[in-house]
Amino acid sequence: MKKIVGIVIAVSTGLIVLAGYFFQAQLGPVLSMILDWGILLAGAAGLIGVAYLFRMHLLKIIQNKKGVFYSGVVLAAFLFALIAGFILTPQNSFYRHLILNVQIPVEASLLATLAVMLLYAGLRLIQTRGWTPMSGAFLVSAILSLIIDLGLIQTRSGTLGAELIALLDRLPTAGARGILLGMALGGMVVGLRVLLTVDRPYGE
Amino acid sequence: MIVICPECGAENSLTAEVCQECGASLLGVIPSPSPEPLEPEGDDLDLFAQDDPDLPDLLNALKQDEEMSDDGGEEQAPIPESPKEPVKNPLDFDAGEDEDSIPEWLKRIRKRAREEKDSIGEITQKINTARERLESEKNENKRKQYESYLQRLRGQKRGIEDQLREYRDSSKDDSDWLSKIKKAEGKHSDTNQEDQPSIDERQGDSLLQWLVAVENGDEAPEPLLEMEEEFVERHRGETLPTRISSQEPDLESTQQMSRDELEFKPLELSISSEEQAQADQLAVTIVDERASRPVRQPDRAPLNWLVRLVLGVLLIVGLSFSLITSGSTALPQGLLQPQNEALLYWARKVPSDASLLIVFDYAAGYASELSLVARPVLNAAIQDGSSIAIVSSTPSGSLLAGKLFNELDAGGALDVMDLGYFPVASYGAYGMAIRGNLESLSIDLPEVGKPLPSEGFDGVLILSDSYEGAQTWIEQLSSLMPEIPLNLVVTAQAGPMLLPYWESGQVNGMVSGLSEAAGVERALSDGESVATRWRSYQTGLLILIAVLVIGAIFNTDTRGADRRRGEE
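Which chain is which? The protein sequence lines are Z and B, in order.
Sequential numbering of the first sequence, starting at 1, is according to our numbering.
Sequential numbering of the second sequence, starting at 1, is according to our numbering.
Everything labelled a hint here was simulated from the structure, so no lab data went into it.
Every residue gets a Cβ at the ideal spot worked out from N, C-alpha and C, and that includes glycine.
Just so you know, not all the hints are guaranteed correct.
Said to hold, decoys possible - In the DSBU-like style, the derived pairs of lysine-lysine whose C-alpha atoms are separated by at most 30 Å in a straight line are:
(1) 142/B to 126/B
(2) 2/Z to 142/B
(3) 157/B to 126/B
(4) 126/B to 107/B
(5) 3/Z to 111/B
(6) 138/B to 126/B
What the hints assert, rightly or not - Here chain B is said to cover these stretches of chain Z; the calculated rule only asks that three of the stretch's residues, wherever they fall, bring their Cβ under 8 Å from a Cβ of chain B:
(7) 28-40
(8) 50-61
(9) 120-126
Please build the complete structure, drawing on both the sequences and the hints.
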């Protein structure tokens, strides 16, 4: 019985949303209700996640486990941002600068580190695997993309060089189109399987 | 060999010159094979009571069948015992097993195995299936063996009949001794057959007498076939006896042949080649996972810390110097792409009082890049009288929007309506599209009570740092609001994956990354904010290229790879 209820809710919701693309005026109120429920559940899930993290770090501090200092920093920053947001509101320029002037450098530094790590990983690939067709193709494609992105190679339109660069420019697009087609087909199949109850990710 | 008297048919020894019965001369009489000695002690006519090595298989089979009929099937040969004790399934119930001695866990397992077939593991199920298959194959093989055995019996019987026929034909012309024998034995054709004793009633008759009876039709072959069929039916599905009692020498000699052919196969699982390959692969994977790997020792000494410091300082100084010595003149030609031109065309044509929806779908770490890319476009599209609505699908979207609008030329005078934050991008895209189409519909967006433009949006600008986020908005908005132009301002990493949406017409225009932003800025003549970073951008790319090339050439540890291969 429990399974049947879940199946009925999932399939009926999916079919109504699917039909809403074709009969928007008729199904508008139902779609509004379903969307409100979805937003409410997603917000509640976010709150639960925040509460879980808060509890975990709080327990870490209480039990004096390893890394208690970082947990204290996390909780202090969380409480400060929460209280300041309630008091000042996100539209306040001071609050905005306060948050973003911490968040943007930290995240940008992580991204810069990620770039260096990717570079090192590429070198390690060559170092560990040696010169194989795959590693060679990886290195050549990476270097070619960087050189083209430099913008230093200037060609006249209609020449062989311009065609060659245009070809290299279109290679990522060709690959991306293939990936998109595969993802679209995969998404459609997954949706159909859920609607036909072949897959039941909501239960069991 | 004996000599049969042509006058009276009596049997005489090979050396006798005259018949011991009638005294007739035996000279010139061809000796005949000696018949079976009679068994005067037997109560019944038992033609096969004695061990006769020349006895054909047909007769032995008849003997065996007769004995089985006499026993009524009650005393059958014992069931063969397998040379190996069969593996006992722990899930099987043993009647002689003490109930108290069974542990509780085994009781539960057995109970579950009784109630749920699926509770038995896959391997156990395979073993049970293999056992059942083996049993059926044994029965089938045994049936085939009996049938084959009977085929041979029939063939031998036909051979005997042929021999009898030939013998009768050959002796018909030149001798009438057989008729004399019949006469002497009281079985002449003229004699009434009802008066003749049946073969069971004739005690002490020899094999020759039985053959005579067959020849006369007293022992028709039909009953023999029926006996064979009964024999097959009786033994269908039975286990072939392997232990023969000592009182049945004939039976043993007869069945020995069949038992050898019916050698039981050992119990084995049926595994397909594909399953075997998968099992091998799994075993190899497990072995490889558990294998100890050699710790790689670099052949060359690591760089000195001083060298590392120098290289780091050079990198930082180079990037900083490139930032200081930058300028718009450094921008190369050809940076503006067709998708960029389409976006610029839209931005220039947007009316001054246009209502725009701007989607903030990027994290704070990409704020610097996206600010550089979006600023020229927003400066061209947004005028003093523009109506701006923003919606975000990242937690810091509202804050990033305020920061970006403050950097615009008309930042302070903008009328910005924040529609809030959607924790799930697809909900936001779907809700915005529905709300944009149905004005009367009241969807409780995060910022309730802020109405959307009654005439709809003049355009949508999506600022995203990832392909997935932008894809969600594109797919929902382009399908539900196809008349509203969609434009993308994305990071360099998301650009290549989103380009097909522009080529398919779902997106009006797009700009991605710093290089395209530089072209847009120069085309719009909108300051030098991108150009001032172009030199450092180029410097960073050149450093990456140099590190890749140098590292690939000098850091390839071919000896290490060879050593590892050798160790494997």
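Hints and how they fare:
1. 142/B to 126/B: Answer holds: residue 142/B to residue 126/B is near 24 Å, not above 30 Å.
2. 2/Z to 142/B: violated (53 Å)
3. 157/B to 126/B: violated (46 Å)
4. 126/B to 107/B: holds (22 Å)
5. 3/Z to 111/B: Status holds; Cα separation ~27 Å.
6. 138/B to 126/B: holds (18 Å)
7. 28-40: Holds: 8 residues of the segment 28-40 of chain Z have a Cβ under 8 Å from chain B.
8. 50-61: violated (count 0)
9. 120-126: Our answer is that it holds, as 3 residues pass the Cβ test (under 8 Å) against chain B, meeting three.
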